[in-house]
Structures are given as structure tokens and as C-alpha cells.
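Protein sequence lines, in the order shown, are assigned to chains R and H. Residue 63 in the working numbering sits at position 63 of the first sequence, with consecutive numbering throughout. Residue 213 in the working numbering sits at position 213 of the second sequence, with consecutive numbering throughout.
Think of the hints as simulated: they come from the structure by calculation, not from any bench.
On the chain H side, residues computed to face chain R include the following (Cβ under 8 Å):
| # | residue |
| --- | --- |
| 1 | S9 |
| 2 | K96 |
| 3 | A104 |
| 4 | L135 |
| 5 | E136 |
| 6 | N139 |
Take a look, some chain H residues computed to stay more than 10 Å from chain R by CB distance:
| # | residue |
| --- | --- |
| 7 | W6 |
| 8 | R30 |
| 9 | G31 |
| 10 | H43 |
| 11 | N46 |
| 12 | Q59 |
| 13 | Q153 |
| 14 | L166 |
| 15 | L187 |
| 16 | D201 |
| 17 | K202 |
| 18 | Y229 |
| 19 | S231 |
| 20 | A242 |
Quick reminder that beta carbons are idealized off the backbone N, C-alpha and C, glycines included.
The primary structure of each chain is shown beneath.
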Amino acid sequence: MAVAAYGQLNLEESPLWGSRSVDCFEKLEQIGEGTYGQVYMAREKATGEIVALKKIRMDNEKEGFPITAIREIKILKKLQHENVIQLKEIVTSQGPEGDEQGKLDNNKYKGNIYMVFEYMDHDLTGLADRPGLRFTIPQIKCYMKQLLTGLHYCHVNQVLHRDIKGSNLLIDNEGNLKLADFGLARSFSGDHNANLTNRVITLWYRPPELLLGATKYGPAVDMWSVGCIFAELLFGKPILPGKNEPEQLNKIYELCGTPDEVNWPGVSKIPWYGKFKPARPMKRRVREVFRHFDRHALDLLDKMLTLDPSQRICAKDALDAEYFWTDPLPCDPRSLPKYESSHEFQTKKKRQQQRQNEELAKRQKLQHPQQHSRLPPIQQSGQSHSQHWGGPNHQTQPAISAAGHHQYGKPRGPGGQNRYPPGGNPGGGYYQDRGAQGGGYSSGTYPPQGRAPPYPGSGVASSVPRGPSGGYGVPPNYSQSGQYGGSGTGRGSNQMSGNRNQQYGWQQ
Amino acid sequence: MAANFWTSSQYKELLDPEEVDVVHQLDKDRGITLDDFKLVKLHMSNYVARLAQNVKVRQRVVATAVTYMRRVYVRRSMTEYDPRLVAPTCLYLASKAEESTVQARLLVFYIKKLYSDEKYKYEIKDILDMEMKVLEALNYYLVVYHPYRSLSQFLQDAGMSDTTQLTWGLVNDTYKMDLILIHPPHLIALACIYIASVLKDKETTAWFEELRVDMNVVKNIAMEILDFYDSHKSISDERVNAAMSKLAGRC
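This is chain H alone, in the form it adopts within the complex:
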């Protein structure tokens, strides 16, 4: 039986962190480091989220779009695929795949409104052309399983419904990292619940034990998330701009 996460391409294509954290040779040649690579992806995740707020689509569309973007850069270079075009294109494609279609012209309108910088300026035609390249890079695998689906059920079951908002926010933040390419979505959801339970002093040890999941994995994901929050504090605009400036620009 297919049509569930375990038989999906997403599961089969789950990657090791070592496979995700590879800077493409073309990008290395431009002096882009692994840190830069991660920063650009983080910055572009935020870009997608900002655009999405303006065109008013659900969080799920944002999550799918960011996942597409991160999948693209596992195989493609930022030199050939300008992130400033790939990001809105992924949002465009995700809006269709998640049945919340956003018109390309609307997207272009808000891109111009949000960023006056020439480097962000792309037209409808550019988005449509990039859409084909993104589809190809994704190998037309468009279904993404997200942690949100299992989240509310887990929270209810764990008697933690009052922390829904906090946990939901934690899950949103995981898209600023590459977790969705590396871990099954339900484990990401559990890691966020674990963090929330610690923050809110909830006793959940027994509940987690009953789940019979590998708690080491859950705790490791939780540690990754907490590490990310730590390092996030030190990220400055200058660092982001420095990384962005190494990109080639319009493709």
C-alpha cells in the first residue's frame, strides 16, 4: 500500500545531514561556504513566509514551498538557480499543489512591493520558466508530508492541548532548518512537543514511553532545534547580506 508517508518518495528520499549540507561546486567557486548556504536558505524561507502573508495562503503552503526550495538545493546550485527567483516560484508551485492557487501576477506585485532591490525583481515569465525547472529538479514529486498533520492529535492525546500555539510555532520554525529533508514528519512533531513540554513543565515521560518511538531520535531532533535557536540569536543582517552578496544574481 502506498499513499502514506512510509511508502512515499519523501520517506525513500530522506537524507543524511551529510547529504544535505553539501555546497555545490559552482557555489563553492563563488566563495559560498556551508554557513552561507544555510543562511541563504534561512533567509529565503523567511522570504517565502513574508510573501505568503501578503498573498494570504495557509501555513501549509509555506511549509510545502520551503520544502520544495530546500529539495531543489540538494541537487542544484544557487549559481544556476537564483534563490531570489526559486523562492517565490516554489511558493507559486506549492500554492497550486496545495489547492490554494495564487496568481503569478499577484506574486510579482508583492515581490516588487516587499523588495525594491533590483536583484529581487523578476517578472511573471521568469517565474513560469523557473517553475518548469523546479518541477524537473523535484522530479515531479510534489506531495509533502508535514508534522502538522499529526500534531494536534498528539497534543490532545498527551493532554497538552493548551500548548498548541507554542508547539505549532515551534513546528513553523523547523522549516528554517533542513529537518523536513532528514527526519520523518511525526518525529519532528514529537520533538516540538517534547520541547514544549519541557518549557511548560508538563510531565510527559509516561506518554512518550507508551508511544514506543525511539526517544533518542526525538531528543536529538529537539537538540538540533534548540541549537538552532541558540545560533539564530547571533545571526545579523550583515551576515545575511554578506552571504546573499556572494550569489550570482539574475539567472
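Okay, chain R solo, but in the shape it has when bound:
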């Protein structure tokens, strides 16, 4: 047999068949935390090469090797592309490892399995959240181009990623961007006939068709997420930070308008269309809200954030967009600055600290909007960004209810440290493992592994009513704290201020 005997290292060669032991690697540092496994930065002892080890935890599995890991491995073995993370090998440990004392219960322990990936220094969210860091326009174009190239490759090969978000886009110090975490990915057939679960994609990046309960869908779901990321890069923060499904849909409607048979033929046949039908139609405001983006960026974004998935731009056409072929052109990845390693797992901690400080300040002053935690990109025009995004003083809303403040000033629950809201896939991080930790609104409805039949209709659009004065054209009565109907009765969903409960300039 080609494998080394137990307890014996086979450092000489990688066996053609069979897997090596994790002992071939020296763990250096944890760089990510998932619900059922950790991710470590490690060094291969024989070569000195730095890699990332993603643990697939095996205890707790009644049905052997987890099917989610099988999906991920199958897909990763199939995809070989410079913008897709490379699975180098799979290694095993035969028994408990040094850091796992005490887990040995009832002889259930079977050792661990690790997926070995090439090491990447950053993830996009971690990088974007670095205090003081601003991306340049050529840099954003460069990342977007790589993201689209990698995604186009996946789609051509009939793989849907289904969890595109900043923390799953890894960036190395050569400026290369790679798609990672294929734990929710799956193959699709060209005809979109199979029924797929709609409980995928982290809430803020989830497209309207999934929120409306569609079970037949295609690559367009990933393109919506790309649109959200694109806008986020230019805008400086997440554009659609909903706390639960109804609110998410509402935020989408406020930005992209309400869907109807005209702008989205067939939408009324999607399962929950009726349930989430807003009281009154809203107009599409993408071009108005993001009017300060450059023209080509806005054109592309508009096509990505198209409600009707069949009309949404595909990765290939997006790569052909004027945006990527007009000055300033996307830069060469290698020309990008090198940053000290950052992953969301790490920056999250820093941000948490920062946020606590901010809250403290707020409580003391009972006052105005929070600073952007990210800086928007450096504009070529050199205009001050406050003009673009509405700086700290953009809010003309005069009255801020004391109650709102009080609520905002409340200490955050444990969920507050997560960047991503409950209801999506938990946490971000390097090669995140998942399972659904839900929490908050939808916690009860998430079964393990995050794949589930449609959730019961626990929330409807009416749970986020707008105040009577919150109609169109009238300055809505947003307070600093609650974005929805400050005077209404539906504040319940805002009670759990699990996320950055920020002010959004475009919602004025």
C-alpha cells in the first residue's frame, strides 16, 4: 500500500492513492471558525509551503462522511481555474490531535479529515474592513473582473456557487482573487428543471427569486450576489442589510422597485409572491440612489440588480460591459499593494472592539449617525466622498425619537459580533463551514446543514409596516435606529439589533 503506516510519516512523496496524515502539516494559527469545523493556517513540514486546512468534523455524524463535504469535494475536484480556490489534497488524522483533549467520548472519536487548500492572505470583506483602507477604482475593477471570470467558469461548468459574499472571495498578496467555500454549491443541469432549495445564499446577498420561494433557478442567483458585492465595494458598506427574509425583500423592493408581471413576467406564479406583496408599488431607485457612481459602473450594477432573473446580466456579458473596457482600466493584480494578512475572522474581532467604543460614545452623546466603518473608494474625480454617499451630516431628518435611541444604544446581543445577519449562513470566514446557526427570527426553521425545505410562513411583509407618513416622496420618518416605520407598531423585528444598524444615505 502506498500510504505510510499509522504513526509513521510519509514525507518523501505524496502517495498516488490514499491520503497523507495531517501530521505532514504544522498548524500555525486559526484563521476561520465555522459551525462544524475550524480553518487553520498551516505549514507543510516537508516543503515549508503555507496552506489552509479546513477541518471536516466527523463526530456527530450519524450518516458517515457528511454529504455536504462530498458535494464540496466533488465540485472542487472538478473545477480547476485560477480564480477558483484549489483543493490540494485531503489529509486525515487517525486519532485525537493535540488540541482536542477531552473530546474523546464513548469511543465515538474517529479522527478528523482536513481539506488542504492553497493559502490566501485575505478575504474581500476582511480587506475592505481594514481601518483606513480604500480601494481604488482600478483595484475594484480588477477584483470584479476576477470574480466574474471565476464565476463564469463555474457557470460554464454547470456549478452554482450559491454563497457568493465578500468573506468567500479570497485574495492573495499577488492580487489574485479566488472563489472559495463551495459547501453550498451544486451542479445544475441546463434546463433548470430540478427542484433546488431556496434556503441558500447569505441573506444580504440573496436574490429576490429565492426570497420569494423559487425552487427552480440558475446562475442568475449568483449574479445578484455579485451585484450586491459590486455596489458594496463602491458604496463602502453592504447595501441590503436585512435582518430577516421579509425585511430583506422589503429592502430590495425599496431599492429595485416592486416586481410585477410587466417587469418580471411570471413573478406572480412564484410561491410566496402573494404573501410578500407590498401594500403599494414602489419605483425602481437604483439609478437615483447610486447616481454618484460613474456611468458605466451604474449601467452594469443596474443590470446585475435586475429583479427578473431571466433578464439579469450573466457573467459573460458582465465581463464584456463597458465598465471593464473604459478608463480607468482594471489594474494588473500584481500591481496591487500588499497588505498584512487579514481575514474576516480576525478583522471581526477588531471591528467588534471598535463598535463597542462607538456605542459608548453614542450613549454619551445621544447623537448622530455612526461613522462609516469602511471608506468608499477613492474616486478619480477627487470629489469628497461625503458628496457621494452622504457623509455624517447628510441626514436631514430632524426628530429622532428617544425610544429609538434607547433601542440603538442597547447593548447588543451575542449576535452582534457577527457581520452577517441571522437567517443567512452564519458568520463569514475563511472556507467557512456551515450548518445553520440561524438565530433570531428564523432560528427555529433552520435544520442542520442549511439545506431545508421552504420555511413555514412565519413572516409576512406586513410585519414590517411603514409608518403612515412613510410614503413616497415624503421624507420617511426613519430614525437613526430603526429604518422602518419609526412610529409604527411593527418594531418587533428591530428589537434584535443584531447587525450594524446603520443609516443608509440612499434611503432618504
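Got chain R; can you put chain H on it based on the hints?
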């Protein structure tokens, strides 16, 4: 570009018949001959198919499971990896890989129902443990390209849709041999179509010519299949039992 057969590990790992027909030293020591080796694999392919009928999974899952089993025995001995455990384990793993999950306890239930023989008796824990060993033996390569995918397209194109059932059955039977480890799946599909066209007196010479595939290879595969059918007639239960009895038993 990957994600197609030509860049897959299956293509890169296609083997020569000489590499497949190797009896592991440990097995030789037990007196297992090449014929025995082939018979056991044939018998286990049938075992997988019978189990699959009971737990009701698609033919594709059977094909993948049998391919896994055959891949395992290219590198592993039957002495260390009891085929009576490896076969159901491969079906278990294939059911997950092909998105038709079968619960381990259901599999164990039907194993007991089908075979009262103690030697076949394995519990859930045994299957789960063997699953890890099989995964390792497969080097975690779980994607298998099968002839089925190209079959219906070929048949339609050749104007032979009326022989679909016959051809499909021929393809099923190829899993009783090691063809899937040796030849690209579309050539196996073509060989089956070739046999069907001869049996049903279909004129397909022009169609095959247009394909620009190496007809010698296709005909050779077809001959292998026909040889197998010939020799299959002479296989008796006694011969199978004799081969099975040389196995070590529970591992």
C-alpha cells in the same frame, strides 16, 4: 478547462487491462486466481444491483457504486477489504455522491434480508468505518462519467431510438466487467450501440464513419463485451461460491 471527462481524473487514471487484472499479493497468498478475482467482482456487482433494487435507487447510483468498488480493488486487496462489506459501502457512498441518499440502517436491513449468511452480516458502524477507507482508497475522487449520458443522444442521432432499451441493458451489463476503468465512457456507449445495431440489423456504417472515432477501438470493446457474454454462460454458482470461499471473511 476542466469539469469534463477529458480533464477529469477518470481520464487521467484510465488503466490498461494489464493494470486492472492484477491480483494483490495478499490475495494470491490465499490462493485467489485472476479468474476468482474477476468472479468476485462480478458477484459483488450483482450484489450491489440487488441491494439497489431493494433500497430503490437509480441505475446511475449502481453504476457509480460498482465503479467505486472496481477502483478500490485496483489498489487494495480483498483480504484487507472484504468485498462483502466494500460492495454495500460503495453503494452507500455512491448514493450520497449521486444525490440519492440511502440511510445506512436501511442498507443494513436489506443486507440481512437478502443474505442470511453470517459472512455478509455487517452493522451500520462497519459500513461507516469502511466508508472512510473506501474514500481514502478512491483518493476522494468521486465523480464518475458514465456511458449513459451520451447514449440517448447517440441513439437519436443514429436513428436507433427504438433500440434504447436493448442498448441501455447492454450498457448496464458492462459494469459486470472492468470496462469503465479502461475505456472512455462514450466509446463504451458506442460499442453497445454497435452490438445493438448488429443484433437488430440496423445499417449504421455511415453514421459511425461520420463520428470519426477509432472504429477499431469501438469494435474491440464490442468484442470484449461479446466474449464476456459467452463466458458468462459457463459461470456456475459453484464456481462463484468456490471463489468467494477463498476470501478471508470479516475484516
